[in-house]
Amino acid sequence: MHKLYCPKEDLSVGQLFLLDICDQRKITEFWRNNLEKETDLSKLMKIATGFVQYPTLKLIYCMSKFVFPAKWFYKPEEYEQKYKKISENTFQFTENFRESINYKIIENMFNEKKLWKYCEDRYGEKSKNKYVILYNFLNGRNKISAKQIKELESDFPVENWFIK
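Mapped onto the working numbering, the consecutive letters of the sequence shown carry residue numbers 1344 to 1507.
It should be emphasised that the hints constitute simulated quantities derived from the structure, not laboratory data. Just so we're clear, the structure is a prediction, and the values are computed from it rather than from any experiment. Where a beta carbon is used, it is the ideal one built from N, C-alpha and C, also for glycine. A few of these clues could be false.
[Claimed, not checked] So the derived label-pair ranges between C-beta atoms look like this: (1) D1363 / E1421: 26 to 36 Å; (2) R1465 / T1399: 18 to 28 Å; (3) S1488 / E1450: 16 to 26 Å; (4) F1409 / S1488: 15 to 25 Å; (5) W1459 / E1421: 15 to 25 Å.
[Claimed, not checked] Taking lysine to aspartate or glutamate and the DMTMM-like style, the derived pairs with C-alpha atoms no more than 20 Å apart in a straight line are: (6) K1425 / E1352; (7) K1457 / E1420; (8) K1486 / E1450; (9) K1418 / D1353; (10) K1408 / E1468; (11) K1351 / E1421; (12) K1457 / E1468; (13) K1386 / E1421; (14) K1418 / D1366; (15) K1389 / E1352; (16) K1473 / E1463; (17) K1493 / D1363; (18) K1401 / E1442; (19) K1493 / D1383; (20) K1493 / E1438; (21) K1486 / E1420; (22) K1408 / E1381; (23) K1369 / E1379; (24) K1389 / E1423; (25) K1401 / E1494; (26) K1425 / D1498; (27) K1447 / E1494.
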């Protein structure tokens, strides 16, 4: 068992996947065969041990053939409750966030000039901040982060950032 930076119960399903590979002493092999061009081993270990809570979206996309993207955002019991009736194979996965369901919803709200009102009604005092995040995401100035995806979960389901 590797040194954990948080209780094991606080790790997501994706982190537990990596931690299991670490415990089998195969993380270097896994990294070399699958992720060497995308990230370095130390970052992978930080994610697996809870030092970093969320991986980058780039890593989530790279790991999608091993771990369904939504699994990086939920602990095992949360994931089971949310997805127990849904098969992961029913989703049409996309690595282009501009093709995702949530992006299209936000884009439609913006085009219909309803995004500001939506943010105002939904977020109150934080509406300007949320609007700027979504606006910058839409115009390509910034990409959305995994942490922001989790923060927006109540309005935009996590899985909808990764499926068409």
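Right, here's what the structure says about each hint:
1. D1363 / E1421: 26 to 36 Å: At roughly 18 Å between Cβ atoms, E1421 and D1363 fall outside 26 to 36 Å, so the hint is violated.
2. R1465 / T1399: 18 to 28 Å: This hint holds: roughly 27 Å between Cβ atoms.
3. S1488 / E1450: 16 to 26 Å: holds (18 Å)
4. F1409 / S1488: 15 to 25 Å: For F1409 and S1488 the Cβ distance comes to about 21 Å; the hint holds.
5. W1459 / E1421: 15 to 25 Å: violated (32 Å)
6. K1425 / E1352: The hint holds at about 17 Å.
7. K1457 / E1420: violated (36 Å)
8. K1486 / E1450: Holds, at roughly 14 Å.
9. K1418 / D1353: holds (7 Å)
10. K1408 / E1468: With a Cα-Cα distance of about 39 Å, the restraint between K1408 and E1468 is violated, given a limit of 20 Å.
11. K1351 / E1421: Holds - the C-alpha atoms of E1421 and K1351 are around 14 Å apart, at most 20 Å.
12. K1457 / E1468: holds (18 Å)
13. K1386 / E1421: violated (25 Å)
14. K1418 / D1366: The given pair, whose Cα atoms are some 19 Å apart, holds under the 20 Å limit.
15. K1389 / E1352: Between K1389 and E1352 the Cα gap is close to 16 Å, so the pair holds against 20 Å.
16. K1473 / E1463: Measuring from Cα to Cα gives roughly 9 Å; hence the hint holds.
17. K1493 / D1363: Since the Cα atoms of K1493 and D1363 sit roughly 24 Å apart, the hinted pair is violated (cutoff 20 Å).
18. K1401 / E1442: Holds, because 15 Å separates the two Cα atoms, which is no more than 20 Å.
19. K1493 / D1383: Distance ~24 Å between K1493 and D1383 Cα, so the pair is violated.
20. K1493 / E1438: holds (18 Å)
21. K1486 / E1420: Roughly 29 Å between the alpha carbons, so the hint for K1486 and E1420 is violated.
22. K1408 / E1381: With Cα atoms ~14 Å apart, K1408 and E1381 stay inside 20 Å; holds.
23. K1369 / E1379: Holds, because 14 Å separates the two Cα atoms, which is no more than 20 Å.
24. K1389 / E1423: At roughly 25 Å apart (the allowed maximum being 20 Å), E1423 and K1389 break the hint.
25. K1401 / E1494: Answer holds: K1401 to E1494 is near 18 Å, not above 20 Å.
26. K1425 / D1498: With Cα atoms ~15 Å apart, K1425 and D1498 stay inside 20 Å; holds.
27. K1447 / E1494: holds (18 Å)
Checked against the numbered hints above, the structure breaks hints 1, 5, 7, 10, 13, 17, 19, 21 and 24 and satisfies the rest.
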